[in-house]
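Following the hints, position chain B against chain A.
Chains as they are written, first to last, in our numbering: chain A, 1 to 508; chain B, 1 to 508.
It should be emphasised that the hints constitute simulated quantities derived from the structure, not laboratory data. No false leads were mixed into what you were given.
Copies of the same chain look alike in the list, so a pair counts if it fits in one copy or across any two.
Mimicking EDC-like on lysine to aspartate or glutamate, the simulated pairs with C-alpha atoms at most 20 Å apart in a straight line are:
#1 LYS50 <-> ASP447
#2 LYS187 <-> GLU31
#3 LYS496 <-> GLU388
#4 LYS41 <-> ASP447
#5 LYS33 <-> ASP162
#6 LYS50 <-> ASP493
Number of protein chains: 2
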Amino acid sequence: MVYIHPTHERADPVNNLKKRQLDLSRHLSVEAKARLPNPIKAIWKVAQVKPGTINMGNGDPHHTLYPVCEMNFIVPSVSESDPVQAWRAGTGDQQIIASYKDEPCALSLRTALAYGAGAGLKHVRDALAELNDRIHAPPKHMVSLSLGNADALTKCYRLLGDPGDSFLCEEFTFSAMTNAALPLGIKWVPIRMDKDGLIPSDMEKILANWDETLQGKRPHVLYTIPCSQNPTGSTLSAERRRQIYDLAHEYDIIILEDDPYFFLQYDLDIQTTTIESYGYTRAMADVLPRSFLSMDYDGRVMRLDSFSKILAPGMRLGWVTCNDFFAEKLDMLTDSSSQHPHGLGQAFISELLGGEGWGIDGFMKWVSSLCREYQRRRDLFMDVFRREVESSGLASAETPKSGMFVWIKINVERHPRYRKSEKLDKPGAPVTNTADLMNELFRKLLDCGLVMMPASTFAIVDQTGRIPTDGHITDRVNFFRATFVGTDEVIEDGLKIFARGLEEFFCY
Amino acid sequence: MVYIHPTHERADPVNNLKKRQLDLSRHLSVEAKARLPNPIKAIWKVAQVKPGTINMGNGDPHHTLYPVCEMNFIVPSVSESDPVQAWRAGTGDQQIIASYKDEPCALSLRTALAYGAGAGLKHVRDALAELNDRIHAPPKHMVSLSLGNADALTKCYRLLGDPGDSFLCEEFTFSAMTNAALPLGIKWVPIRMDKDGLIPSDMEKILANWDETLQGKRPHVLYTIPCSQNPTGSTLSAERRRQIYDLAHEYDIIILEDDPYFFLQYDLDIQTTTIESYGYTRAMADVLPRSFLSMDYDGRVMRLDSFSKILAPGMRLGWVTCNDFFAEKLDMLTDSSSQHPHGLGQAFISELLGGEGWGIDGFMKWVSSLCREYQRRRDLFMDVFRREVESSGLASAETPKSGMFVWIKINVERHPRYRKSEKLDKPGAPVTNTADLMNELFRKLLDCGLVMMPASTFAIVDQTGRIPTDGHITDRVNFFRATFVGTDEVIEDGLKIFARGLEEFFCY
Numbered sequence: 001m002v003y004i005h006p007t008h009e010r011a012d013p014v015n016n017l018k019k020r021q022l023d024l025s026r027h028l029s030v031e032a033k034a035r036l037p038n039p040i041k042a043i044w045k046v047a048q049v050k051p052g053t054i055n056m057g058n059g060d061p062h063h064t065l066y067p068v069c070e071m072n073f074i075v076p077s078v079s080e081s082d083p084v085q086a087w088r089a090g091t092g093d094q095q096i097i098a099s100y101k102d103e104p105c106a107l108s109l110r111t112a113l114a115y116g117a118g119a120g121l122k123h124v125r126d127a128l129a130e131l132n133d134r135i136h137a138p139p140k141h142m143v144s145l146s147l148g149n150a151d152a153l154t155k156c157y158r159l160l161g162d163p164g165d166s167f168l169c170e171e172f173t174f175s176a177m178t179n180a181a182l183p184l185g186i187k188w189v190p191i192r193m194d195k196d197g198l199i200p201s202d203m204e205k206i207l208a209n210w211d212e213t214l215q216g217k218r219p220h221v222l223y224t225i226p227c228s229q230n231p232t233g234s235t236l237s238a239e240r241r242r243q244i245y246d247l248a249h250e251y252d253i254i255i256l257e258d259d260p261y262f263f264l265q266y267d268l269d270i271q272t273t274t275i276e277s278y279g280y281t282r283a284m285a286d287v288l289p290r291s292f293l294s295m296d297y298d299g300r301v302m303r304l305d306s307f308s309k310i311l312a313p314g315m316r317l318g319w320v321t322c323n324d325f326f327a328e329k330l331d332m333l334t335d336s337s338s339q340h341p342h343g344l345g346q347a348f349i350s351e352l353l354g355g356e357g358w359g360i361d362g363f364m365k366w367v368s369s370l371c372r373e374y375q376r377r378r379d380l381f382m383d384v385f386r387r388e389v390e391s392s393g394l395a396s397a398e399t400p401k402s403g404m405f406v407w408i409k410i411n412v413e414r415h416p417r418y419r420k421s422e423k424l425d426k427p428g429a430p431v432t433n434t435a436d437l438m439n440e441l442f443r444k445l446l447d448c449g450l451v452m453m454p455a456s457t458f459a460i461v462d463q464t465g466r467i468p469t470d471g472h473i474t475d476r477v478n479f480f481r482a483t484f485v486g487t488d489e490v491i492e493d494g495l496k497i498f499a500r501g502l503e504e505f506f507c508y
Numbered sequence: 001m002v003y004i005h006p007t008h009e010r011a012d013p014v015n016n017l018k019k020r021q022l023d024l025s026r027h028l029s030v031e032a033k034a035r036l037p038n039p040i041k042a043i044w045k046v047a048q049v050k051p052g053t054i055n056m057g058n059g060d061p062h063h064t065l066y067p068v069c070e071m072n073f074i075v076p077s078v079s080e081s082d083p084v085q086a087w088r089a090g091t092g093d094q095q096i097i098a099s100y101k102d103e104p105c106a107l108s109l110r111t112a113l114a115y116g117a118g119a120g121l122k123h124v125r126d127a128l129a130e131l132n133d134r135i136h137a138p139p140k141h142m143v144s145l146s147l148g149n150a151d152a153l154t155k156c157y158r159l160l161g162d163p164g165d166s167f168l169c170e171e172f173t174f175s176a177m178t179n180a181a182l183p184l185g186i187k188w189v190p191i192r193m194d195k196d197g198l199i200p201s202d203m204e205k206i207l208a209n210w211d212e213t214l215q216g217k218r219p220h221v222l223y224t225i226p227c228s229q230n231p232t233g234s235t236l237s238a239e240r241r242r243q244i245y246d247l248a249h250e251y252d253i254i255i256l257e258d259d260p261y262f263f264l265q266y267d268l269d270i271q272t273t274t275i276e277s278y279g280y281t282r283a284m285a286d287v288l289p290r291s292f293l294s295m296d297y298d299g300r301v302m303r304l305d306s307f308s309k310i311l312a313p314g315m316r317l318g319w320v321t322c323n324d325f326f327a328e329k330l331d332m333l334t335d336s337s338s339q340h341p342h343g344l345g346q347a348f349i350s351e352l353l354g355g356e357g358w359g360i361d362g363f364m365k366w367v368s369s370l371c372r373e374y375q376r377r378r379d380l381f382m383d384v385f386r387r388e389v390e391s392s393g394l395a396s397a398e399t400p401k402s403g404m405f406v407w408i409k410i411n412v413e414r415h416p417r418y419r420k421s422e423k424l425d426k427p428g429a430p431v432t433n434t435a436d437l438m439n440e441l442f443r444k445l446l447d448c449g450l451v452m453m454p455a456s457t458f459a460i461v462d463q464t465g466r467i468p469t470d471g472h473i474t475d476r477v478n479f480f481r482a483t484f485v486g487t488d489e490v491i492e493d494g495l496k497i498f499a500r501g502l503e504e505f506f507c508y
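Isolated chain A, as found in the complex:
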C-alpha cells in the first residue's frame, strides 16, 4: 500500500489525523470480518526476512519462459498544444510507449507478467498516489488498483454490506450497479434529487427519522456519483458536498464516491499562467471540483477512480483510495477473488505516466484537451437541442457541467392523454399515467430509429426487480438520459429524430 502525503490545505495534518482518523471496523461485513489472510503469503512474510534465500516454494513460471519480450503502444504525443484535436485529425506526432522484459523501463515485463499483489504493483500505485496527492491532497489514505469502478464498487458492497443492510443512494442512479447489491441482501434507500443532484436535507430527513424497529439497521453507507451523476448529469456543488460529508460524519456513514466522470469537467477557468508556472496538473487541480476524498479527515470516504472514460473502457483499470484499514480488507478480498490487475495494463500505465511516456503532467494535458473536445460536443448538443427540441416546449434540459449525459425532461403533462388519477383513496398508488406515456414515447422513438435511456431504467427497484410505487417515483420518470459524446452527425441526426418523434407523439 502507498501512503499519500498531505501537502497543503492543512496547518497541522498529523495532529488533524490523530484527532480524526476513526476506528471504522464496525462497518465491515460479516464476510469481510471472517476473511483469513492467504496462508501461502503469510509463509512468505516469514521467509523473506533473509536476503539471498532460495525459493523452492512457489509455482511461478520463470520469466525466461514468458513468450513476450517487448510490448509497444502507439499513442498520441502530448507535445501538441491540443493533443486530442491533433490525434483526431491525424496530424499530430505519435509516440511509442514501450515495455521490455530484459531492457530498462519504468516497469519491467518480468514484474508485470509475474504474480503480483491484489492491490497492484508498487510502481503503478505510487504514480496514482502522486496524481491523487496533487489533485485531492487527501488526508492519510491508501491507493489500491481496481479493474474499473464496477469491480471496485461491488467489492465495496462485499466489504461493507450484510444481508438486511440498507444503503443510501440517489433516487435515479446507475441501476446496473445498484442492482448488483440486491442479491447480497442490501436494500436501497433512495434520496430525492433536484437539478443539482441529491438533496442533503432529504438525506438528513431519512436518517433523522429512521426507525430501527420498523426499518432495520440505519443506513451506514451512501453510494453517490458526485460528478455527472448517472443518469441525471448533475454535479454536486461544493456546498452540498460539505453538507453531505457533515451528515455522514454525524450519522456515521461511509461514502462510496464513484467518480468516473471527475476528469471530464467543462467551462473550466484554467489559468494559462498556472500552466506555465506549475504545469497542467496544478492548473487542473485548481479548477476541478473538490472531491469528498479531499475533505475526508474521518477516513469514511472510499473514492473510486477509473481510466474507462479518459483512456478507454476496455483498459479495465481504476483505483480505489481509502483509509488504510479498509484498504487492507479490500486487498484481502481482491487476493481472494479477481487477484492482481492484469500486467499488460499495469505496464502500459506505468510507462504512460512515467518519464519516457506522457508523465503525470502530460496525462493531465491530454485530459484537459479531452475536456475541451467533450465540451465542444456538449455545446453542439445543447445548441441543436435548443433549436430542434426545446423550441417546441415539449422538452427541456439543464446544461451539464461534466461527464457525458444530458437529462432531458419531457413535459408529459402537455400530452392529450395525460391523466392525474382521482384514486386518492389508494395511498401509494401512482397518481399519474406518466410511466405509461413515457414507455409509449420510448417505443415511438425506437420506431423512429433512436434510442435514449428512459428514466425508469434508473429508478431503484426492489429485490424482485419492480419499481416501488409508494414513493411516487413513477410520477417523476418523465426524463430520458441522452449522451452527447457521440459524433456530430449522431447529435444532429439523433436530436432531429427526437424532435420529430416527440411532436408526433404529442400529436402536434
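Below, chain B alone, put in the same frame as chain A:
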C-alpha cells in the same frame, strides 16, 4: 456464449444430450438465484432489433478518442522445431503480434478497448471453444472468459455456495483458494489422498455416510485439481476420474475442475506421424489426460483453464467451460462485479491464436515445447534429489507426471525426538509430534537459506484458521511442496541446502 460442437467419441451426441443434460438450477446459491439482469442491457436487447438505430443511450467514449491506435507484442516464432529452447537461447526467430484500431486485424482495438460482455468477446471465446473442442470434445458446453482460475473459482463459490453448505476437496489443497470460501460460510470436507490423488472410495464413504441431521446439507460441490494437484503434484488416473464422475452423478455433485497445469504434462508419447498428418493440437489431444469436462454428459462439470502457467501469470486470463445454464448465471455475476476481461489481453490472445499469429496449432506447438523444457527441469530435480537427498533415507518423493511440484515426504519417524503420544484417553488429539518437528525443520531450512512450502500450509482449516485435530491430519503433515520450475542453479543449490539442513536436523 459459444457452443462447442461435439465432434467425436459419441455416436449420437444430440440424443445423448437430450437424455442426460440435467436441470441443475437446484445447485444455485440464494445470491445467484436473486441476481437480476442488467436493466440497461435489457433495454439494448429491445433496441438492437432495428438496424441503423441511432444510439444516444450509452456513455461509451468514442473510439476516435482512445489514445492508442496500435499495440505490438514481440513474441517467439513457433517456426523453430523447439521454440522454447530457441527463445531461451535467444537464437530463434521472433514475430510481432499486432492489433490495430483502424487497420484490419483479428480483433480491432475499437472493439477490444470498448465496453464488452462479461463473458468476453466472441472472437476470443470462439478461439477457446475451438481449442476446447479439439482437446476435450465436450458435450454441449459454453465458454466464458475469466481473469484466471482464482477469479473463476471464487465466482463459482458465489454461484453455488450458501452459508452452511459443505463442499468436498482434497485433504491437502491450494489453501489460498479454499480459504477464500470460508467467509462465504462454506465448510470444507476433506477427502483422503494417496500418491495418486484423492481416493474415490473415501469420497464415497463421506457421501454415503453423510447424516444431514448432524452434519447439515450433504455436499453438492467437489473442488479438485486433477493434474499436478496443488500441493501434492499427483495426477488423477483415468480410472479414478471415471469413478469420481460416477460418484458425482450418483450423489448429484457439481465438479469444479481447476486445471491450471493441464497443459504441462510429461513423459508424453507424442506421435510424430500424428503431428505430420494432423498437427500439434491433435497429437497433444491424443496424449493429454482425459478431463472431467470430456466425460460430462450431465453438465455437472465447471472446468477452469488458465493462461497463467503456459503464457504468464500477469496475463490474468483464463476460461470457464460449463453448461449453458451455469454459464449464463456466471456471466451475470461477472457483469455485476469484475465486468469484461481487459481488452489488451483479449486482443493479444485473439491475434496470437489467429491466422497472423501462432494459430491454435502453433500455440499447441509452443505448449508441447514448454512441456519438454519443464520435463527437463523435473528430471534434473529428481536426479539431484535422488543423489543428494533420497540417498540419506530421510526423505523420498514420487516423480510428478505434470505441473510444477514435487511432494517431498520427510521420514519424520526417524528423528530422535519423534514421539507417538500415549494419550489414547484423549480421542481426537494428535498422537504424534509430527507437526511440531516439521515446523522446526521448516525454520531450520529457512536458517540455511531455503524456502519450501510446509504441508501444514495446505491442510484444510476451520473458520477460525485452525487445522482441526480430529482427523489426525497433523500426523500426516510430514511433507514439503517444492517446485522444480526454477533455474538449474536453484534446483542444484536448493536441494544441496535441503540435504544439508535435513541431515543436521536429524543429527546425522
